[in-house]
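These protein sequences, in sequence, are chains A and B.
216 is the number that our numbering gives to position 216 of the first sequence; each next residue is one higher, with no gaps.
97 is the number that our numbering gives to position 97 of the second sequence; each next residue is one higher, with no gaps.
Please keep in mind that the hints were generated in silico from the structure rather than gathered at the bench.
Glycine included, every Cβ here is placed at the ideal spot set by N, Cα and C.
Where hints are given, some of them may not hold.
Pairwise CB distance ranges, derived in the manner of DEER restraints [to be verified]: (1) L137/B / T133/A: 51 to 57 Å; (2) A212/A / V378/B: 38 to 44 Å; (3) S181/B / P123/A: 57 to 63 Å; (4) S181/B / D119/A: 55 to 61 Å; (5) L410/B / E34/A: 42 to 48 Å; (6) E349/B / A212/A: 21 to 27 Å.
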Amino acid sequence: MQSFVCAGRLVLGGILLAASLAGARAATIDESVERYRAYIIGNVDEALAGARGLRERIAAKDLAGARRAWIEARVGWERAEVFTGGFVSDLDDKIDGWPNATTGFHAVEAALFVRGTTDGLAPEADKLVLHLTDLDLKVHQMRLSGQGMLDGAARLTYEIGESKADGGESRLSGTSLDDMVNNLAGLEQAYSVIFAAPLATADATLARQAQAQIERLSTLLTVGDLRRVDPDRVRAASEDLVVTLQAAAAALGLRRPTLEMLVQ
Amino acid sequence: MRRGRQRRGVLPAALVAAALLAALPASRAGAFPVGGRDTVLPAGSELDEDALDRPREVFRAEAMGGAKSYLVRLGDMAFSAPSLLGGMARRAGIACNACHVNGAGNPRLYIPGLSTRPGTFDTTGGVFNPPADNGVLDALTPPSLRGARLLAPYGHDGRFASLRDFVRNVIVDEFAGPEPSPAILDGLVAYIQDIDFLPNPRLAPGGALAAGASASERRGEKLFRKPFPRRPELSCAACHLPSAAFVDHRQHDVGSGGEFKTPTLLNADVNAPYFHDGRYDSYAQVVAHFDRVFALGLAPRERQDLVAYLTAIGDGVRPYERDGVEPRLKEIGEFASLLATAIPAGDREVVALTVATVGGELRELTEAFPDRKDATVVDGRTERATARAALKERVLDLRRIDAAVAAGHLDEAAADYAAWRKLMASTVPEALRAAERWSLFNPDLHDAHYGALRLLSQQADKAAR
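Generate coordinates for the entire structure from the input sequences, incorporating the hints supplied.
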């Protein structure tokens with residue numbers, strides 16, 4: 001009986017220790033998220049600077065310059081999607097609505113790359129700057145969490161696996177592959193800053209697996225031309241990585257990430 | 001980032017050459033619509049992926065009161081698997097089903113450079129398999145496969161006596177796909193042979209008109225059987241044998257540019273365009289062709305009677321059915337049911353193909369519930385997100401099953417599959433039904449969404465010029 005009690009205490013102690021370690025890991029992760037905030041801020045600042053440049057080039061009626069600025073603004077925006085997908089869906093709609101955008105990046109894209117004009121675009125550029133400024137404020141002030149970042153990472157990873165055989169989201173400017181590459185860059189950034197170290201401590205095998213899967217995705221997207229992307233392999237690689245991130249959640253003391261933002 | 005496709009079928013596939021069967025490709029997966037400089041298929045390609053009404057599929061086994069065999073289900077799934085084909089078709093997400101939608105044809109199929117008109121496709125055009133390029137734009141119609149088991153030989157020119165050889169030819173030679181395994185090939189053949197004609201109550205056994213036919217149809221039937229005035233050894237019925245599915249299994253030169261096999265007239269009302277190259281859109285044009293080439297001397301009313309007759313024998317009950325949550329889930333469930341056999345057998349090939357294909361179908365179904373960025377739909381945001389999440393989780397479940405089987409953990413995979421089926425029978429359909437009114441299965445939302453996509457496609461074309 002005594003030994004059972006001892007064993008029971010040991011088991012209980014083990015459970016408490018595990019729970020405490022998981023809690024500590026979650027706390028560590030939240031600290032890492034704070035460090036990651038600087039990266040998101042950098043990405044959003046880059047998008048905002050691009051949007052301001054876009055507004056300026058539109059005012060100057062410089063079509064070529066406006067197109068360049070539009071593409072530059074997209075880089076930071078797509079890299080920040082781990083954050084936007086996990087935290088600010090309302091702004092995401094206004095900034096990145098698709099396919100029937102009347103506002104945001106894709107409305108401007110249609111004007112610049114299809115109609116080939118900057119005429120009448122000033123109000124739209126103003127709105128884009130406004131929304132990105134709003135986003136910038138939110139990035140500075142919003143309470144971030146490891147859970148939200150893991151949710152955003154899983155959602156974005158799944159999205160990378162969607163077929164772009166039809167030209168993808170930014171088909172008017174021909175930059176859909178850039179979108180994918182920048183999404184992955186943002187994802188890689190978030191993983192390495194926030195999750196890589198605690199996961200390596202909690203489950204080294206899962207950590208190696210996640211790293212290898214990110215690299216695999218990166219290789220699959222390094223093809224230079226959207227038409228050369230292998231959709232089956234990209235899809236499988238993206239799903240493998242989401243599965244790993246879901247498994248990692250438990251090891252990190254987080255909830256399994258959901259693939260849609262269900263609560264507004 | 002997000003994509004935008006959805007819907008079945010894209011292109012092509014199959015089309016091929018063939019005659020009846022053509023081929024394979026097409027699946028729902030693919031891209032829709034196609035425009036711009038970054039698309040896998042040439043800009044301007046049309047696969048009719050967004051059609052809300054899909055050809056109705058009738059299976060012989062089910063019509064006889066049974067269930068589809070494992071082999072038939074395997075072939076059905078493979079027929080919708082883009083990974084069955086090679087190169088461009090696979091990258092474009094095209095499976096056999098793209099050209100032979102639900103085993104029928106695809107009259108709207110059009111690929112610039114490979115099609116001479118809608119409903120045609122040049123399988124020796126070099127786009128899908130450059131070494132196969134014969135340097136000639138000789139587009140053919142992808143035929144309906146209904147009743148294919150009765151319609152040998154295969155290929156419009158009837159060059160293949162064996163359906164199996166023909167199917168392999170389509171995969172490997174026309175679409176540069178990897179050599180299919182014998183099991184997959186057997187499955188494809190079994191599936192195609194199980195696709196039945198739609199029933200036609202206007203026909204009696206033996207191919208005669210049933211009671212209730214109109215006077216015009218009766219006159220048409222007589223003309224159909226009447227010897228040609230200048231070639232009395234010939235008649236329409238001499239080649240289109242009414243008692244043999246309206247074919248004679250032979251090739252003839254009917255003045256269309258070579259020898260081609262006699263096509264069936266059963267269910268042909270929905271098989272336009274007609275002739276091997278799809279040159280005619282209507283029976284009236286077909287009748288006029290024969291009248292001219294064989295100097296039949298038909299009076300206008302006789303032509304009308306022949307058209308009435310052809311329309312009667314070419315009829316079929318409910319040729320289309322409405323797309324929606326239920327038919328999609330039914331098909332997904334049938335495809336996935338292969339796992340119940342393949343997992344315990346440790347059949348990694350079938351598990352992998354099933355996971356890839358069903359996962360693709362689930363992803364496509366997910367896109368029928370627009371996400372928050374799509375301004376087409378305002379309401380039902382929570383319901384749509386719940387539906388999307390449920391489907392995405394099921395995609396990941398399959399990925400876990402594939403990994404477990406690959407690692408030899410068959411019991412774990414079997415348990416995961418059992419859990420998957422349970423969810424697909426309860427939670428998932430509930431979530432999808434709750435969101436269906438705000439999905440692209442709602443005709444108004446469908447039109448708005450695809451209208452926006454089509455506009456985007458046109459804009460992309462313009463931007464690329």
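**OP:** Please name the hints from earlier in the document that this structure breaks, with their numbers sorted from lowest to highest.
**Re:** Of the numbered hints given earlier, the structure breaks none, since each of them holds.
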